[in-house]
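A.B. asks: Sequence:
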Amino acid sequence: MKNFSLALSGLALFFTLVFSGCSSSEPGPTTTTPATKTLKEKITGAKWKVKTAYEEYSPVYELGSATNKSPNYSKFILDFTNPVTGKLTEVDDSQYSFTLSVDELKSTLSLSAITPAISGGDYSYTATFNANDTEVTLVRSAISPKSAKNIKLVMVKM
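Note that the numbering used here numbers the sequence shown so that position 111 is 118, with each residue one more than the last.
Keep in mind the hints are simulated off the structure, nothing from the lab. Hints are not guaranteed to be accurate.
What the hints assert, rightly or not - Only pairs whose alpha carbons sit at most 27 Å apart, straight line, appear in this in silico BS3-like list of lysine-lysine:
#: 1; residue 1: K76; residue 2: K54
#: 2; residue 1: K153; residue 2: K82
#: 3; residue 1: K156; residue 2: K82
#: 4; residue 1: K153; residue 2: K113
#: 5; residue 1: K58; residue 2: K94
#: 6; residue 1: K94; residue 2: K49
#: 7; residue 1: K44; residue 2: K156
#: 8; residue 1: K94; residue 2: K159
#: 9; residue 1: K153; residue 2: K164
#: 10; residue 1: K153; residue 2: K44
#: 11; residue 1: K159; residue 2: K54
#: 12; residue 1: K44; residue 2: K159
#: 13; residue 1: K159; residue 2: K56
#: 14; residue 1: K56; residue 2: K82
#: 15; residue 1: K94; residue 2: K164
#: 16; residue 1: K156; residue 2: K94
Work out the full structure: start from the sequences and follow the hints.
C.D. replies: Structure (structure tokens):
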């Protein structure tokens, strides 16, 4: 009987230790997720150059290639170092200043108040960043007055 009582006490102690370890009142380890940057935070503070250019959905320029159909895309630069105003260098080396507007909900960038004025141009782009924010794909919302084609640019920071 003494052995049975000792075994029962040991079993009770075992279950007490097991179950007391399962219900800790202390919170577990916390992990913090980095805050997601806004489109404006991702695009501003840098100059962007063309990595790949598409006209009518066909590639016409690849950074570093010697066989580009449209090599002048190497000149196209969007300077967003200022979060409000920027500078655009077009494929023909013409330079413009603009005011930057960002629509976070639609993921669009709009260049407005462009000086000197550009005729026939809506400079709005839909912007999509890659997973680590090192590339942005810009799809122009209107046909380019320079090329008379639909334009899609994959851009990288300079």
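A.B. asks: If a hint holds in the structure, say so; if it doesn't, say that too.
C.D. replies: Each hint tested on the structure:
{"no.": "1", "hint": "K76 to K54", "in the structure": "holds (24 Å)"}
{"no.": "2", "hint": "K153 to K82", "in the structure": "holds (14 Å)"}
{"no.": "3", "hint": "K156 to K82", "in the structure": "holds (18 Å)"}
{"no.": "4", "hint": "K153 to K113", "in the structure": "holds (25 Å)"}
{"no.": "5", "hint": "K58 to K94", "in the structure": "holds (18 Å)"}
{"no.": "6", "hint": "K94 to K49", "in the structure": "holds (17 Å)"}
{"no.": "7", "hint": "K44 to K156", "in the structure": "violated (32 Å)"}
{"no.": "8", "hint": "K94 to K159", "in the structure": "holds (19 Å)"}
{"no.": "9", "hint": "K153 to K164", "in the structure": "holds (24 Å)"}
{"no.": "10", "hint": "K153 to K44", "in the structure": "violated (33 Å)"}
{"no.": "11", "hint": "K159 to K54", "in the structure": "holds (18 Å)"}
{"no.": "12", "hint": "K44 to K159", "in the structure": "holds (23 Å)"}
{"no.": "13", "hint": "K159 to K56", "in the structure": "holds (13 Å)"}
{"no.": "14", "hint": "K56 to K82", "in the structure": "holds (8 Å)"}
{"no.": "15", "hint": "K94 to K164", "in the structure": "holds (14 Å)"}
{"no.": "16", "hint": "K156 to K94", "in the structure": "holds (22 Å)"}
Going down the numbered hints, you'll see the structure goes against 7, 10, while the others check out.
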